[in-house]
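Chemist: So the chains spell out like this:
Number of protein chains: 2
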Amino acid sequence: MSASTNAFSLPRGFRAAGHACGIKADPSTPDLSLFVSEVPCAAAGVFTQNRVVGAPVHVSRERVPGDSVRGVVINSGNANACTGERGLEDARWMTAEIAARLGCRAADVLVCSTGVIGHFLPREKLAAGLPMLVERLGTSEDSLATAARGMMTTDTVPKLSSRAVNVNGQTVTVTGAAKGAAMIAPNMATMLAVVMTDARLSGGETASLLKEAVDVSFNCISVDQHTSTSDTVLMLANGQACDEGEATAAENQDFREAVREVCTDLAQQIIRDAEGAAHFVTVDVTGTRTREDAHRIAKAVADSPLVKTAVTGNDPNWGRIVSAAGYAGVEFAEEQCSLSINGIEVYRRGSPTECDEQRVSAAMATGEVGIELQFELGEGTSGEGTARIWTCDLTTEYVRLNSESTT
Amino acid sequence: MSASTNAFSLPRGFRAAGHACGIKADPSTPDLSLFVSEVPCAAAGVFTQNRVVGAPVHVSRERVPGDSVRGVVINSGNANACTGERGLEDARWMTAEIAARLGCRAADVLVCSTGVIGHFLPREKLAAGLPMLVERLGTSEDSLATAARGMMTTDTVPKLSSRAVNVNGQTVTVTGAAKGAAMIAPNMATMLAVVMTDARLSGGETASLLKEAVDVSFNCISVDQHTSTSDTVLMLANGQACDEGEATAAENQDFREAVREVCTDLAQQIIRDAEGAAHFVTVDVTGTRTREDAHRIAKAVADSPLVKTAVTGNDPNWGRIVSAAGYAGVEFAEEQCSLSINGIEVYRRGSPTECDEQRVSAAMATGEVGIELQFELGEGTSGEGTARIWTCDLTTEYVRLNSESTT
Numbered sequence: 013m014s015a016s017t018n019a020f021s022l023p024r025g026f027r028a029a030g031h032a033c034g035i036k037a038d039p040s041t042p043d044l045s046l047f048v049s050e051v052p053c054a055a056a057g058v059f060t061q062n063r064v065v066g067a068p069v070h071v072s073r074e075r076v077p078g079d080s081v082r083g084v085v086i087n088s089g090n091a092n093a094c095t096g097e098r099g100l101e102d103a104r105w106m107t108a109e110i111a112a113r114l115g116c117r118a119a120d121v122l123v124c125s126t127g128v129i130g131h132f133l134p135r136e137k138l139a140a141g142l143p144m145l146v147e148r149l150g151t152s153e154d155s156l157a158t159a160a161r162g163m164m165t166t167d168t169v170p171k172l173s174s175r176a177v178n179v180n181g182q183t184v185t186v187t188g189a190a191k192g193a194a195m196i197a198p199n200m201a202t203m204l205a206v207v208m209t210d211a212r213l214s215g216g217e218t219a220s221l222l223k224e225a226v227d228v229s230f231n232c233i234s235v236d237q238h239t240s241t242s243d244t245v246l247m248l249a250n251g252q253a254c255d256e257g258e259a260t261a262a263e264n265q266d267f268r269e270a271v272r273e274v275c276t277d278l279a280q281q282i283i284r285d286a287e288g289a290a291h292f293v294t295v296d297v298t299g300t301r302t303r304e305d306a307h308r309i310a311k312a313v314a315d316s317p318l319v320k321t322a323v324t325g326n327d328p329n330w331g332r333i334v335s336a337a338g339y340a341g342v343e344f345a346e347e348q349c350s351l352s353i354n355g356i357e358v359y360r361r362g363s364p365t366e367c368d369e370q371r372v373s374a375a376m377a378t379g380e381v382g383i384e385l386q387f388e389l390g391e392g393t394s395g396e397g398t399a400r401i402w403t404c405d406l407t408t409e410y411v412r413l414n415s416e417s418t419t
Numbered sequence: 013m014s015a016s017t018n019a020f021s022l023p024r025g026f027r028a029a030g031h032a033c034g035i036k037a038d039p040s041t042p043d044l045s046l047f048v049s050e051v052p053c054a055a056a057g058v059f060t061q062n063r064v065v066g067a068p069v070h071v072s073r074e075r076v077p078g079d080s081v082r083g084v085v086i087n088s089g090n091a092n093a094c095t096g097e098r099g100l101e102d103a104r105w106m107t108a109e110i111a112a113r114l115g116c117r118a119a120d121v122l123v124c125s126t127g128v129i130g131h132f133l134p135r136e137k138l139a140a141g142l143p144m145l146v147e148r149l150g151t152s153e154d155s156l157a158t159a160a161r162g163m164m165t166t167d168t169v170p171k172l173s174s175r176a177v178n179v180n181g182q183t184v185t186v187t188g189a190a191k192g193a194a195m196i197a198p199n200m201a202t203m204l205a206v207v208m209t210d211a212r213l214s215g216g217e218t219a220s221l222l223k224e225a226v227d228v229s230f231n232c233i234s235v236d237q238h239t240s241t242s243d244t245v246l247m248l249a250n251g252q253a254c255d256e257g258e259a260t261a262a263e264n265q266d267f268r269e270a271v272r273e274v275c276t277d278l279a280q281q282i283i284r285d286a287e288g289a290a291h292f293v294t295v296d297v298t299g300t301r302t303r304e305d306a307h308r309i310a311k312a313v314a315d316s317p318l319v320k321t322a323v324t325g326n327d328p329n330w331g332r333i334v335s336a337a338g339y340a341g342v343e344f345a346e347e348q349c350s351l352s353i354n355g356i357e358v359y360r361r362g363s364p365t366e367c368d369e370q371r372v373s374a375a376m377a378t379g380e381v382g383i384e385l386q387f388e389l390g391e392g393t394s395g396e397g398t399a400r401i402w403t404c405d406l407t408t409e410y411v412r413l414n415s416e417s418t419t
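Sequence lines, in order, name chains U and D.
Taking this note's numbering, the leading residue of the first sequence gets 13, the next gets one more, and so forth.
Taking this note's numbering, the leading residue of the second sequence gets 13, the next gets one more, and so forth.
Fair warning: there could be bad hints in the mix.
As the list claims (entries may be wrong) - Derived lysine to any residue pairs resembling SDA-like cross-links, with alpha carbons at most 25 angstroms apart:
#: 1; chain 1: U; residue 1: K311; chain 2: U; residue 2: E346
#: 2; chain 1: D; residue 1: K311; chain 2: D; residue 2: S214
#: 3; chain 1: U; residue 1: K311; chain 2: D; residue 2: K311
#: 4; chain 1: U; residue 1: K311; chain 2: D; residue 2: S363
#: 5; chain 1: U; residue 1: K36; chain 2: D; residue 2: E366
#: 6; chain 1: U; residue 1: K137; chain 2: D; residue 2: P364
#: 7; chain 1: D; residue 1: K311; chain 2: U; residue 2: A37
#: 8; chain 1: U; residue 1: K137; chain 2: D; residue 2: Y339
Claimed, not checked - Label-pair distances were calculated between CB atoms; the ranges are:
#: 9; chain 1: U; residue 1: M144; chain 2: D; residue 2: T378; range: 26 to 34 angstroms
#: 10; chain 1: U; residue 1: E366; chain 2: D; residue 2: R303; range: 56 to 64 angstroms
#: 11; chain 1: D; residue 1: E409; chain 2: U; residue 2: S80; range: 48 to 56 angstroms
#: 12; chain 1: U; residue 1: E343; chain 2: D; residue 2: D255; range: 42 to 50 angstroms
#: 13; chain 1: D; residue 1: K223; chain 2: U; residue 2: E304; range: 51 to 59 angstroms
#: 14; chain 1: U; residue 1: G216; chain 2: D; residue 2: E343; range: 47 to 55 angstroms
#: 15; chain 1: U; residue 1: S80; chain 2: D; residue 2: D368; range: 42 to 50 angstroms
#: 16; chain 1: U; residue 1: G382; chain 2: D; residue 2: G362; range: 38 to 46 angstroms
#: 17; chain 1: D; residue 1: E391; chain 2: U; residue 2: A140; range: 22 to 30 angstroms
#: 18; chain 1: U; residue 1: E343; chain 2: D; residue 2: S80; range: 51 to 59 angstroms
#: 19; chain 1: D; residue 1: R303; chain 2: U; residue 2: D266; range: 31 to 39 angstroms
#: 20; chain 1: U; residue 1: D227; chain 2: D; residue 2: E409; range: 48 to 56 angstroms
Unchecked claim - Not close to chain U: a few residues of chain D, all C-beta gaps over 12 angstroms, as computed:
#: 21; residue: R75
#: 22; residue: I129
#: 23; residue: A140
#: 24; residue: S152
#: 25; residue: T168
#: 26; residue: A176
#: 27; residue: A219
#: 28; residue: G288
#: 29; residue: A290
#: 30; residue: F292
#: 31; residue: E369
#: 32; residue: D405
#: 33; residue: Y410
In short, the hints are calculated from the structure, not lab data.
All C-beta atoms, glycine included, are put in the ideal place defined by N, C-alpha and C.
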């Protein structure tokens, strides 16, 4: 099993840095992040499914999966969300500026960008800041923490996660940094994460391992169903914890689990820090015919403004939850559906139970809400019809933050 | 062409009534409505697509389309949302109580119910109220207005619409009453409408005409994407404006237009009176390959909390609108998309324009917002790729109303 590390240490051979180059209103707040490996890495990425994507997504997507990636550069405060030649040029230029100082090809550097949209990147500030960023690279926990802060927008805390695991007698580390799906006008929601490991993997192995982990972590969170144009999760593996010629870590179950855990931990941190959120909600669906059906129902429940506002008010409103399941596009009869909230059954096979609503409400008021929908549709099927989604409530604070006009 | 009538007059041969039987907290507020024809009507209904439906939907759905319907009885204040035998029994009993006094079969009376969920109907109050309701039936504008008030929940105004149109030399009237998609904990959203006409139609003709009108009216509004378990639109045609043996009005284009107009008018009134709404938003999508694609994009934009909160803040945020289109599941390239807000182009073929944002914001501040997304995907197709959806913004007031716990 993997162990959660107390300190958020970088895997061997990785360095990190954060730097403030003056993009954000407060000039002392870091707005640049850099994650670098001393040696070429196997690297992979998972990107937004949106048809409209920012220039950095175009550029990074071309460069993974690969076996010679050296690092990831990120700016916050002003998203390079502009498409067209100028946006692409800016994104490529950022990677070239870093590559020149690392002594590698621009194509070996990946790039992300997040923040206010509508303006081109401030080239002068970046031209001064990027060389400083490279100079600040370090291996300390402080360097890593500053790098995590350099990618924040409206996040209130930096998001880091680290696991250590034994692979072929060697201690291998998996460490990730993320920024949240937090939005403030006129930003778009953007979720960025970089996962680093000193395990040995090929580019293809990194890609399949990352996809597997993202499917059960970042792809299972929803703040407001608005898919960003810049969502990006990158993974870099440099093999520095392993001897030459050793088998890769790809088939090691403890290692795979560690990668999933780091991604899940970061994904949950994003939900806990979502704008205006006062409740952390886990939606579990079981007993449907397929995993897709379960996911569809969980998503409909998690995205319903009426379910979210009921949670805000600690209201165990079975009607809103069951009716959200009812419009998810999955066939079922009411008698095949039961619902528990925080472990207390409130609705059983089509009818409300005689539960103590005050007790359910008090449990919800702790801020941790579990919504469990059990269906009896799976008979004679593979029984894979389960899904879990993490989401948050919908508060007046969310509306206030996102309706503040900057025009 | 049809003419909007000043007074909301009932079509010939129809009577209406509203009555307060004490279901609502304020005992003087009407909580019962009845719409009755002197003679049997052709009748049809369109019902919620939710898998979970209230008992009155089950009962009414069995009884249409038909050619002998005499009326519709509605209670508000306490929804008969309970499924199972007791809910069905209550719904059937309500129709039997009315039928006994009209001298028809229970099967000739349709039924709807809306209001707080979680409790069975108060039979004693209804047993006293339903006979009074029949006694109050009248043909005056006041009777119609009281009937419209009897179906209200959190609506702030009754919703009526009326059109007069010439069919075969006779003046035919189409009049509808509706209640809104307004919700307050622990209610579910429910939209109810009853459309009456003295035109002659068969049951089948009424069904196809109503479906055609609902598709471009009630099916094109969205407050919060939460499909109710009780949504119902009913149409009754009694032929009292027509001579015996005359052709039906089904093929008369002016008449069809009048039905569409009444439905559209009522649908728009629902959006204008949606809970907490401060902006009325029309989303137009043109130039996609199919009408379905256009509708999918319009719906994604209308349902995005980030688009809604941008509208709340009068923020002409092209990024949120275009990125919502981007996750609608329709293939397009950014260069094939342009966007105007209140007639001012803010985004053209993949890039923001140099428009005056203050001017757009000032136009939005009028409370009427037009979002027009133009795609260039339709070449060589039938050019049917257009859709229009009406929606409202998302305000702190909406969250406040829907998170107030009653437990």
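Chemist: Could you run down the list of hints and mark each one as holding or not?
Modeler: Structure-based check of each hint:
1. U:K311 <-> U:E346: holds, 19 angstroms
2. D:K311 <-> D:S214: Violated, at about 34 angstroms.
3. U:K311 <-> D:K311: Cα-Cα ~17 angstroms, so holds.
4. U:K311 <-> D:S363: violated, 32 angstroms
5. U:K36 <-> D:E366: holds, 24 angstroms
6. U:K137 <-> D:P364: holds, 23 angstroms
7. D:K311 <-> U:A37: At roughly 36 angstroms apart (the allowed maximum being 25 angstroms), U:A37 and D:K311 break the hint.
8. U:K137 <-> D:Y339: violated, 33 angstroms
9. U:M144 <-> D:T378: 26 to 34 angstroms: Because 48 angstroms falls outside the window, the suggested range is violated.
10. U:E366 <-> D:R303: 56 to 64 angstroms: Violated, at about 48 angstroms.
11. D:E409 <-> U:S80: 48 to 56 angstroms: With Cβ atoms ~55 angstroms apart, the hint holds.
12. U:E343 <-> D:D255: 42 to 50 angstroms: holds, 48 angstroms
13. D:K223 <-> U:E304: 51 to 59 angstroms: violated, 30 angstroms
14. U:G216 <-> D:E343: 47 to 55 angstroms: violated, 27 angstroms
15. U:S80 <-> D:D368: 42 to 50 angstroms: holds, 48 angstroms
16. U:G382 <-> D:G362: 38 to 46 angstroms: Holds, since U:G382 and D:G362 (Cβ atoms, about 43 angstroms apart) stay within the stated range.
17. D:E391 <-> U:A140: 22 to 30 angstroms: Hint violated: Cβ distance 47 angstroms, outside 22 to 30 angstroms.
18. U:E343 <-> D:S80: 51 to 59 angstroms: violated, 33 angstroms
19. D:R303 <-> U:D266: 31 to 39 angstroms: Given about 52 angstroms between the Cβ atoms, the range is violated.
20. U:D227 <-> D:E409: 48 to 56 angstroms: Given about 38 angstroms between the Cβ atoms, the range is violated.
21. R75: Correct as stated: the minimum Cβ-Cβ distance to chain U is 21 angstroms, above 12 angstroms.
22. I129: violated, 5 angstroms
23. A140: Consistent with the label, D:A140 stays out of reach of chain U, its closest Cβ about 27 angstroms off (over 12 angstroms).
24. S152: holds, 37 angstroms
25. T168: holds, 19 angstroms
26. A176: At about 37 angstroms from chain U, D:A176 clears the 12 angstroms cut-off, so the statement holds.
27. A219: holds, 23 angstroms
28. G288: The assertion about D:G288 is violated, with a minimum of 9 angstroms to chain U.
29. A290: The assertion about D:A290 is violated, with a minimum of 10 angstroms to chain U.
30. F292: holds, 16 angstroms
31. E369: violated, 5 angstroms
32. D405: Non-interface label on D:D405 violated, nearest chain U Cβ at 8 angstroms vs cutoff 12 angstroms.
33. Y410: violated, 8 angstroms
When each numbered hint is compared with the structure, violations occur for hints 2, 4, 7, 8, 9, 10, 13, 14, 17, 18, 19, 20, 22, 28, 29, 31, 32 and 33.
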